[in-house]
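Asker: Here's the letter readout for the chains.
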Amino acid sequence: GENVEQHPSTLSVQEGDSAVIKCTYSDSASNYFPWYKQELGKRPQLIIDIRSNVGEKKDQRIAVTLNKTAKHFSLHITETQPEDSAVYFCAASIGLKTSYDKVIFGPGTSLSVIP
Amino acid sequence: DVKVTQSSRYLVKRTGEKVFLECVQDMDHENMFWYRQDPGLGLRLIYFSYDVKMKEKGDIPEGYSVSREKKERFSLILESASTNQTSMYLCASSSQGASYNEQFFGPGTRLTVL
Chain F
1 GENVEQHPST
11 LSVQEGDSAV
21 IKCTYSDSAS
31 NYFPWYKQEL
41 GKRPQLIIDI
51 RSNVGEKKDQ
61 RIAVTLNKTA
71 KHFSLHITET
81 QPEDSAVYFC
91 AASIGLKTSY
101 DKVIFGPGTS
111 LSVIP
Chain H
1 DVKVTQSSRY
11 LVKRTGEKVF
21 LECVQDMDHE
31 NMFWYRQDPG
41 LGLRLIYFSY
51 DVKMKEKGDI
61 PEGYSVSREK
71 KERFSLILES
81 ASTNQTSMYL
91 CASSSQGASY
101 NEQFFGPGTR
111 LTVL
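Protein chains in written order, with our numbering: chain F, 1 to 115; chain H, 1 to 114.
These aren't lab readings, by the way, just hints derived from the structure by calculation.
For every residue, glycine included, the Cβ atom is placed at its ideal position computed from N, Cα and C.
Worth double-checking, as some hints may not be accurate.
Said to hold, decoys possible - Cross-link-like lysine-lysine pairs, in silico, DSBU-like; alpha carbons within 30 Å at most:
{"hint": "1", "chain 1": "F", "residue 1": "LYS58", "chain 2": "H", "residue 2": "LYS71"}
{"hint": "2", "chain 1": "F", "residue 1": "LYS102", "chain 2": "H", "residue 2": "LYS18"}
{"hint": "3", "chain 1": "H", "residue 1": "LYS3", "chain 2": "F", "residue 2": "LYS57"}
{"hint": "4", "chain 1": "H", "residue 1": "LYS71", "chain 2": "H", "residue 2": "LYS3"}
To be verified - Covered by chain F, per the in silico footprint, the following chain H stretches (three or more residues, Cβ under 8 Å):
{"hint": "5", "stretch": "16 to 24"}
{"hint": "6", "stretch": "39 to 52"}
Based on the provided sequences and hints, a complete structural model is requested.
Answerer: Structure representation (structure tokens):
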């Protein structure tokens, strides 16, 4: 089955610096890669996603890149702010022709942005 | 605005007790999920359901069962709670139709089994 690894497990950056979180997946059939952010004490929320027919996607200060050949995908946060401090989960999903797309989550990265 | 609610934020139970965790969503979503969240292990899927009365095992179903009698409600049952089931439990829902559907999570239930 699919396995998703995520690095680093913890990351501290100075406010204004960039942060990069990297994930790898094992199943080459995976074709959808969402990223969820979970602030302390709150529920995970989708912040950005990328499909396998796209190499890069950007939304303001957040960008995701996908390398299908290497089975790598990454989250890039530029100009980090204290409110970016949270746990970030990458995930991989195989878009099935049935009703359900099984999503496998990585173990998470705890990002701390130091003012 | 999607709303997924869970019956309790915090729950303390004793070993051997039967525990019910309930999840309700108000967006008419077909898919519902139960995850367990532990530090360093991410979100692990326990069970999911893509229709009323339908259920599928996730990656860690042992010691758990589920019930979905109505579309909006998905219950997780611990038949005989054990200390290793102390964890944060998250419910989620998503719609069908198109693929790549965003999952909407509930606030979580932190269960402690003594």
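Asker: Are any of the numbered hints broken by this structure? If so, which, sorted upward?
Answerer: 1, 5
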